[in-house]
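Letter by letter, the chains look like this.
Protein chains: 2
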Amino acid sequence: MRVGVFDSGVGGLSVLKSLYEANLFEEIIYYGDTARVPYGVKDKETIVKFCLEALEFFKTFKIDMLIIACNTASAYALEALRTRADFPIYGVIEAGVRATCKNLKDKDKEILVIATKATINSKQYQIGLKKEGFTRVKALATGLFVPMVEEGIFEGEFLKSAFLHYFKDVKSPDALILACTHFPLLSKALSEFFGSKTRLIHSGEAIVEFLKENSRLKLLDKRANLRFYASSDVKTLEKTAKLWLNLS
Amino acid sequence: MRVGVFDSGVGGLSVLKSLYEANLFEEIIYYGDTARVPYGVKDKETIVKFCLEALEFFKTFKIDMLIIACNTASAYALEALRTRADFPIYGVIEAGVRATCKNLKDKDKEILVIATKATINSKQYQIGLKKEGFTRVKALATGLFVPMVEEGIFEGEFLKSAFLHYFKDVKSPDALILACTHFPLLSKALSEFFGSKTRLIHSGEAIVEFLKENSRLKLLDKRANLRFYASSDVKTLEKTAKLWLNLS
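In the order they appear, the protein sequences are chains A and B. With our numbering applied, the first sequence covers 771 to 1018. With our numbering applied, the second sequence covers 771 to 1018.
Bound-form chain A, shown alone (with noise of 0.2 angstroms):
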């Protein structure tokens, strides 16, 4: 089975790494779009665009299904993407909200989603929570959180004061869904800021969860080939997937 999994840029690879480590593929092709990177600042229209070209890109790899790695891309283009493609294509945001509710079987639990400017616009996760009968689901954009992670800044003052600024009103939820690929790079700091009442929610685990349930993937006994395309710089992206995914 050779999937394609579809980003943005870089931050997907906290869900390739999901992917990767749970042997679920013989082969699986990364795309970044490095070049027109970050999606989340962008409107519809633009991302849907970019999207349908990297639908065209993964084609001629005669891949067997596609995921869309990206919070933001899958919130806007999911649809548009799966009316022209013959195999599926799973996005990151109904696993997310599937991996919410296997989390807090109580309905009236506390849900913040925090994401990008573009998916909170969307309002793709709290449509989704909603529909599976959440009543208390705030979503917040933070999305300074991206170039943060892109710095290298995982933790210390300049973090903390990101922290104050974003959730100054915000009291600690039950369950964070951290809606952008970038975000689980913050887990330590916000699981100290938040404390352990609350449950982080990550695409990555969320997606492989999903795919266990709802596709007829075997597990496999080795880890996948890789393959990395980028639409700019691919050397560096090479580099940030053999130090996320502890490769040598």
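It should be emphasised that the hints constitute simulated quantities derived from the structure, not laboratory data. Just so you know, not all the hints are guaranteed correct.
Repeated chains share a single entry, so a pair holds when one copy, or any two copies, can fit it.
Unchecked claim - Below, a list of computed lysine-lysine pairs in the DSSO-like style, where the Cα atoms sit at most 27 angstroms apart:
hint, residue 1, residue 2
1, Lys-1012, Lys-938
2, Lys-887, Lys-1012
3, Lys-1005, Lys-814
4, Lys-1005, Lys-819
5, Lys-893, Lys-1009
6, Lys-832, Lys-992
7, Lys-814, Lys-1009
8, Lys-1012, Lys-988
9, Lys-875, Lys-1005
10, Lys-941, Lys-787
11, Lys-1005, Lys-872
12, Lys-1005, Lys-893
13, Lys-988, Lys-877
14, Lys-829, Lys-819
15, Lys-814, Lys-1012
16, Lys-930, Lys-941
17, Lys-958, Lys-930
18, Lys-982, Lys-832
19, Lys-829, Lys-900
20, Lys-938, Lys-877
21, Lys-787, Lys-877
22, Lys-832, Lys-901
23, Lys-938, Lys-958
24, Lys-877, Lys-1005
25, Lys-875, Lys-893
26, Lys-829, Lys-1009
27, Lys-982, Lys-930
28, Lys-887, Lys-930
For chain A, the structure is supplied; the task is to place chain B on it using the hints.
Frame of chain A, contents of chain B only:
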């Protein structure tokens, strides 16, 4: 005289504002590559490619002159652009170096250049200032100022925390070159942080002075006609322009 102003996105509006208020042109055509912004975190090959595409766009308007408002684009693409155009092309870096010379007569005064990672890595300011005889030049990538400005953070604790993060080992310089179009929006906060000793050098003001001295432009008695283009979401660009330029 019809001039083109190119920027990677909306940041160049700070340069456009200076050009507009200087009454040097009959018509100004502003093009922002909003679909692919930011350039400052990307590699040289990508930046040059995008700039050359922008040049082809400007050629369709029969412009008399092109101004590269984006420091990162000026740093990497100016030479490539000039070999492909039969009209003059000016970047903001040469202008910024000239403005610094005019402001600091004493060559051993301390200069701090702040910019995106790509602009700093290009070393164009550092080389230009050393050529002019300045001996104490420091350069610092303060990339997060860009998304902070885009989120409308111009003051407050979070911004102060960003200053402490980047400037913790920095003494107040004699001149601070705001080598990114977004940074003039932080002028007030930066002046308060560094104190009145530090003179701020602004790309927009620098390019106006440079044009007055180095081109044959005549002062007109009215504002230029403005036309806005963008690779995505031109309406948001126009709205921002009206705000920044105090147009009704």
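Do the hints match the structure? See the list:
1. Within a single copy, Lys-1012 and Lys-938 get their C-alpha atoms no closer than 36 angstroms, and across copies no closer than 32 angstroms, so neither meets the 27 angstroms cut-off.
2. Taking the shortest alpha-carbon separations for Lys-887 and Lys-1012, only the inter-copy value of 23 angstroms comes in at or below 27 angstroms, while the best intra-copy value is 29 angstroms.
3. Taking the shortest alpha-carbon separations for Lys-1005 and Lys-814, only the inter-copy value of 13 angstroms comes in at or below 27 angstroms, while the best intra-copy value is 29 angstroms.
4. Taking CA atoms no more than 27 angstroms apart as the test, Lys-1005 paired with Lys-819 passes in both settings, with 25 angstroms inside one copy and 18 angstroms between copies.
5. Taking identical chains as interchangeable, the C-alpha atoms of Lys-893 and Lys-1009 lie at most 27 angstroms apart only when they sit on different chains, with a minimum of 24 angstroms there against 34 angstroms within one chain.
6. Taking the closest pair of Cα atoms, Lys-832 and Lys-992 come within 27 angstroms of each other only inside a single copy of the chain (22 angstroms); across copies the shortest separation is 60 angstroms, beyond that limit.
7. For the homomeric pair Lys-814 and Lys-1009, the shortest alpha-carbon distance between copies (18 angstroms) is at most 27 angstroms, but the shortest distance inside one copy (31 angstroms) is not.
8. In this homomeric assembly, Lys-1012 and Lys-988 come within 27 angstroms of each other (Cα to Cα) only inside a single copy, at 25 angstroms, whereas the closest approach across copies is 57 angstroms.
9. Taking the shortest Cα distances, Lys-875 and Lys-1005 never come within 27 angstroms of each other, neither inside one copy (44 angstroms) nor across copies (44 angstroms).
10. For the homomeric pair Lys-941 and Lys-787, neither the shortest alpha-carbon distance inside one copy (31 angstroms) nor that between copies (42 angstroms) is at most 27 angstroms.
11. Taking the shortest Cα distances, Lys-1005 and Lys-872 never come within 27 angstroms of each other, neither inside one copy (38 angstroms) nor across copies (42 angstroms).
12. Proximity of Lys-1005 to Lys-893 under the C-alpha cut-off of 27 angstroms is restricted to the inter-copy arrangement: shortest distance 22 angstroms between copies versus 35 angstroms within a copy.
13. For a Cα distance limit of 27 angstroms, the shortest separation of Lys-988 from Lys-877 qualifies neither inside one copy, at 32 angstroms, nor across copies, at 70 angstroms.
14. Taking the shortest Cα distances, Lys-829 and Lys-819 sit within 27 angstroms of each other both inside one copy (16 angstroms) and across copies (25 angstroms).
15. Taking the shortest Cα distances, Lys-814 and Lys-1012 sit within 27 angstroms of each other only across copies (23 angstroms), while inside one copy they are farther apart (32 angstroms).
16. Within a single copy, Lys-930 and Lys-941 get their C-alpha atoms as close as 15 angstroms, and across copies as close as 24 angstroms, so both meet the 27 angstroms cut-off.
17. Proximity of Lys-958 to Lys-930 under the C-alpha cut-off of 27 angstroms is found in both arrangements, the shortest distances being 12 angstroms within a copy and 24 angstroms between copies.
18. Only within a single protomer do Lys-982 and Lys-832 lie at most 27 angstroms apart by alpha-carbon distance; the minimum there is 22 angstroms, versus 58 angstroms between protomers.
19. In this homomeric assembly, Lys-829 and Lys-900 never come within 27 angstroms of each other (Cα to Cα): the closest approach is 35 angstroms inside a single copy and 51 angstroms across copies.
20. With identical chains, the CA atoms of Lys-938 and Lys-877 are at most 27 angstroms apart within one copy only, with a shortest distance of 25 angstroms there and 46 angstroms across copies.
21. Taking the shortest Cα distances, Lys-787 and Lys-877 never come within 27 angstroms of each other, neither inside one copy (30 angstroms) nor across copies (52 angstroms).
22. In this assembly of identical chains, Lys-832 and Lys-901 lie within 27 angstroms of each other by CA distance neither inside one copy nor across copies; the values are 35 angstroms within and 55 angstroms between.
23. Within a single copy, Lys-938 and Lys-958 get their C-alpha atoms as close as 19 angstroms, and across copies as close as 25 angstroms, so both meet the 27 angstroms cut-off.
24. When the C-alpha separation of Lys-877 and Lys-1005 is checked against a cutoff of 27 angstroms, the pair qualifies neither within a copy, at 45 angstroms, nor between copies, at 41 angstroms.
25. In the homo-oligomer, the alpha carbons of Lys-875 and Lys-893 lie at most 27 angstroms apart inside one protomer (22 angstroms), although the nearest pairing across protomers, at 56 angstroms, exceeds that limit.
26. Proximity of Lys-829 and Lys-1009 under a CA criterion of 27 angstroms is satisfied intra-copy only: 25 angstroms inside one chain copy versus 38 angstroms between copies.
27. Taking the shortest Cα distances, Lys-982 and Lys-930 never come within 27 angstroms of each other, neither inside one copy (36 angstroms) nor across copies (46 angstroms).
28. With identical chains, the CA atoms of Lys-887 and Lys-930 are at most 27 angstroms apart both within one copy (20 angstroms) and between copies (23 angstroms).
Consistency note: the structure conflicts with the earlier hints numbered 1, 9, 10, 11, 13, 19, 21, 22, 24 and 27.
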